[in-house]
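**Student:** Take any residue in the sequence shown, note its place counting from 1, add 60, and you have its number in our numbering.
Source of the hints: derived by calculation from the structure; they are not laboratory data. None of the values given here were measured: they were computed from a predicted structure. Even glycine gets a Cβ: it sits at the ideal position worked out from N, Cα and C. Among these hints, one or two may not hold up.
For each label pair, taking beta carbons as the anchor points, the in silico distance ranges come out as [what the hints assert, rightly or not]:
(1) Thr254 to Asn331: 57 to 65 Å
(2) Asn331 to Gln106: 16 to 24 Å
(3) Asp138 to Pro530: 50 to 58 Å
(4) Arg87 to Pro350: 35 to 43 Å
(5) Thr254 to Tyr581: 51 to 59 Å
(6) Val524 to Ala306: 32 to 40 Å
(7) Phe386 to Ala85: 30 to 38 Å
(8) Ser547 to Val478: 56 to 64 Å
Simulated pairs of lysine to aspartate or glutamate, EDC-like, Cα-Cα distance not exceeding 20 Å [what the hints assert, rightly or not]:
(9) Lys300 to Asp351
(10) Lys340 to Glu399
(11) Lys479 to Asp84
(12) Lys479 to Asp351
(13) Lys340 to Asp351
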Amino acid sequence: MRTQPASALSAPPSTLAVVLARIDAQRLVGVLAAILLGIAIGHTVQTWLSYDEVWTHPELIGAGAHVWSDPQSEHLGDRLARVAEINDDNRVRPLSKAAEVLDGIARPYVARMLVPHPALTPFTVLALVLPPTLLFLSLRRMGLGLLPSAALLLVFLSCTGFMSTIVAFDRPAKKLTFIFFSLAFYFAVRHERTRGVGSFLACIAALLCGFFSDEEDLVFFVVFGAIFATSLLVRAPNWKRVTFLALPLVFVVVAQWGLSALYRLAGTLPNFDPLGESEKYRLLAAVVRPDFYNLGLHGLAQGMLSTVGVRVHDRFTEVAVLGILFGASAILVYRLWREPGGRATAYRLLSVTLALTAVGLYVTLLDQYPTPGSFGTNGRGYMGEFTYYYHSSMALFVVLWLACAWQALLAIARSARVKHAVVGVGVALCAAVFVANVSLFEDVNRLLQIIHTYPYSSPQMYDVLLAELPTIRNSAPDQPITVNFRSNEQELSQQFDDALTRVFGRDMDTSNNGFYLTMQYFRDHPMMGRENLQFTLHMYFPHNSFRVLMNGA
């Protein structure tokens, strides 16, 4: 006699209760995860679209206007050729240049069809969508649960490192870093499971594209070699090993000879010589200096603290977070190594810990370019302290480390009750970090917005543009449109001082505060003058002519 398999309805009452409880628990987890994702996505999109948060870097305004330097006579091909005209001081970032030009080409169309908005560009949209989506999918493929993955996405989408790449109109290099890293990591995780040729080649292609987007991405070769050593090197076919190990050589050959030949052929950058700069080789000398590692650990701690919303960066908080990073990792790796089947999780945690440390040291090294040896004096350091644009890639590795540590804690938990507690406490902490991140980013972003657009308020500048939008759309190309921008020095100075106090406290040392010192300089030498105001109008509406007034004159 054949027996029918037991179902939820045919099972004994006690079994049925367990099944229903599990169904209810799974449904609750799904609802909570959906709520977390909804909060994260809603906040991110709202911040991205808000004129109170977005701003334009004055150094990029001229380049944006140059793409449309002669809109009446030039064609699309002429505008695309601007890629070869951007002088980036022998830096190998052709994909960043290409993205900058493509965004510049799209900007007037977006302004006419929608509204003028500094962050409403194709590559900003890609940076907004792809990295968080692929990071979430990667965490799930790594075996992390739905609720922890959603909670960590809440942290990632709110942290300063990520948000700074989508609200500030700056070089698209960091946007591409997030895009290509998330692509490479997703396909590497997928390849780790399937060992498929397609996922391997996609990972390699994304890594190589990252190399040509920003120097910060070069460290990813070492990072991926460590995290995915088994699938890319140890247990990989010879052709995969050779392909992966050849990436640095391919980069050097293409950068030194391929790009140089291309620029000479275009007649734009005939002296392009990326490997000929002595400053790049002098950077290597810093690696043997003890003060470099001291500053590197300092930067590593600041990056971790900033990613979890901690604005107090002093000796106590930095030692504490480094102690958690290395101490917790060592304890968890030791415990997992002794667990049956725990070595893979232990290795993943160990490799990500080392990767995060390497990235922290590497971005500190890059801060010294082009003045090697000037530890702590580079003008970009004050932004990197909070991973605002500079050092922003650290946010990716902090979130990955949190994911691996969370996974390790769940692996060593003995009972279901303990596992539930680990998940519950972790989600609560992520929610608290989200609140702290939102507050920290708002203050740091306001500081940098005021520094770069002083003596004009960025929101008020765009209020003027929006008010003139009907006139602009209905005016003939040869009909001058008068646009009056009003400065607001006193109010901006007060807003800056208030935000500075919220970030650093009333007892801050202004003699050593990069935000304060930079603002003092730009109060006397503002970047946003009449020329940049004219360029701002031209990069959005190149087919119109404008007469710019400053305070009515």
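**Student:** If a hint holds in the structure, say so; if it doesn't, say that too.
**Tutor:** Now the hints, each set against the structure:
Taking 57 to 65 Å as the suggested C-beta distance range, the pair Thr254 and Asn331 does not conform, at roughly 46 Å. Checked against the hint of 16 to 24 Å, the pair Asn331 and Gln106 fails, with Cβ atoms roughly 46 Å apart. Checked against the hint of 50 to 58 Å, the pair Asp138 and Pro530 fails, with Cβ atoms roughly 30 Å apart. Our hint of 35 to 43 Å for Arg87 and Pro350 is violated, since their Cβ atoms are close to 56 Å apart.
Evaluation of the 51 to 59 Å hint for Thr254 and Tyr581 yields a pass: the beta carbon distance comes to about 54 Å. For the pair Val524 and Ala306, the supplied restraint of 32 to 40 Å is violated, since their beta-carbon distance comes to about 53 Å. Separated by about 35 Å at the C-beta atoms, Phe386 and Ala85 satisfy the suggested range of 30 to 38 Å. Taking 56 to 64 Å as the suggested C-beta distance range, the pair Ser547 and Val478 conforms, at roughly 60 Å.
Distance hint between Lys300 and Asp351 is unfulfilled; the C-alpha atoms sit about 39 Å from each other, more than 20 Å. Proximity of Lys340 to Glu399 is assessed by CA-CA distance (about 45 Å); at most 20 Å being required, the pair is judged violated. Our distance criterion of 20 Å between C-alpha atoms is met by Lys479 and Asp84, whose separation comes to about 18 Å. Restraint check for Lys479 and Asp351: the C-alpha separation of about 42 Å exceeds 20 Å, so the hint is violated.
Simply put, Lys340 and Asp351 have alpha-carbon atoms about 19 Å apart, close enough for the 20 Å limit, and the pair holds.
In the structure shown, a violation is registered for the earlier hints numbered 1, 2, 3, 4, 6, 9, 10, 12, in ascending order.
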